Amino acid sequence: DAKTTQPTSMDCAEGRAANLPCNHSTISGNEYVYWYRQIHSQGPQYIIHGLKNNETNEMASLIITEDRKSSTLILPHATLRDTAVYYCIVANSGYALNFGKGTSLLVTP
Amino acid sequence: SAVISQKPSRDICQRGTSLTIQCQVDSQVTMMFWYRQQPGQSLTLIATANQGSEATYESGFVIDKFPISRPNLTFSTLTVSNMSPEDSSIYLCSVQGAANEKLFFGSGTQLSVL
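Chains as they are written, first to last, in the numbering used here: chain A, 2 to 110; chain B, 37 to 150.
By construction, these hints were calculated from the structure, which means they are not laboratory data. It cannot be assumed that every hint is accurate.
Claimed, not checked - In silico contact screen, one side only, chain B against chain A (beta carbon under 7 angstroms); selected entries:
1. R51
2. F69
3. G76
4. L79
5. L81
6. L139
7. F141
8. G142
9. S143
10. S148
11. V149
Only a predicted model underlies this, so the values are computations on that prediction, with no experimental measurement involved. Ideal Cβ positions, reconstructed from N, Cα and C, are used throughout, including at glycine.
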């Protein structure tokens, strides 16, 4: 699986958009970009995933660059409950996910 | 979405003993995985639990230490054998229903070894 690089930590003011970047320059053509988050003491929660096109669901938007070497997860209106560790993972579908260190997002009042 | 029930949610065990963790899913799933999360760390894949055959272990994990069963498409167990304090971690069960489907995670088992 391709490796990912994420900032260690980020802050975001409540109500503002949180933009979490991820670099995956060695991604292969059939690997997806997955985003999960883990709130303290809970199992990881799926957020969104995509292959080439930008994706949006009720939780977030995923913007993937045309060369697929990086992506950005956007939480449009961050709330205090969005404080968590966010993991960007690239993997083939049908395989286990290998988690990196992720980005610790702190949403402040 | 799959609902995963993991038991026990937490346990405190003595050194040298073994603990079996159960993972029950509310629907049949093709892929089941076991992860470990050591204190302050990210998740590490232990093994893939294969239905009807032996589990596939990742580098650094062996069957004698972490035996896994997968008797059917909705259930799996992970045993942590001959425990030491270094085994104190959260152990998580994860499932994937079909190819290209997202992974669902259980709430984990918080294990403390004294």
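Hint check:
1. Hint on R51 of chain B is violated. Least Cβ distance to chain A is approximately 24 angstroms, over the 7 angstroms limit.
2. For F69 of chain B, the interface hint holds, the least distance from its beta-carbon to any beta-carbon of chain A being 5 angstroms, beneath 7 angstroms.
3. Taking 7 angstroms as the C-beta cut-off, the interface hint given for G76 of chain B is violated, the closest approach to chain A being about 10 angstroms.
4. Taking 7 angstroms as the C-beta cut-off, the interface hint given for L79 of chain B holds, the closest approach to chain A being about 4 angstroms.
5. Of the supplied interface hints, the one on L81 of chain B holds, with its beta-carbon coming within about 5 angstroms of a beta-carbon of chain A, less than 7 angstroms.
6. A distance limit of 7 angstroms between C-beta atoms decides the matter here; for L139 of chain B the minimum to chain A is near 6 angstroms, and the interface restraint holds.
7. Interface hint status for F141 of chain B: upheld, as the beta-carbon distance to the closest one in chain A is roughly 3 angstroms, under 7 angstroms.
8. With a cut of 7 angstroms, the hint placing G142 of chain B at the interface with chain A holds, because the nearest CB-to-CB distance is about 6 angstroms.
9. Interface restraint check for S143 of chain B: the shortest CB-CB distance to chain A comes to about 5 angstroms, inside 7 angstroms, so the restraint holds.
10. Hint status for S148 of chain B: violated, given a least beta-carbon distance of 14 angstroms to chain A, over 7 angstroms.
11. Proximity of V149 of chain B to chain A is violated relative to the hint, the smallest CB-CB distance being about 19 angstroms (cut-off 7 angstroms).
Comparing the model with each earlier hint shows violations of hints 1, 3, 10 and 11; every other hint is respected.
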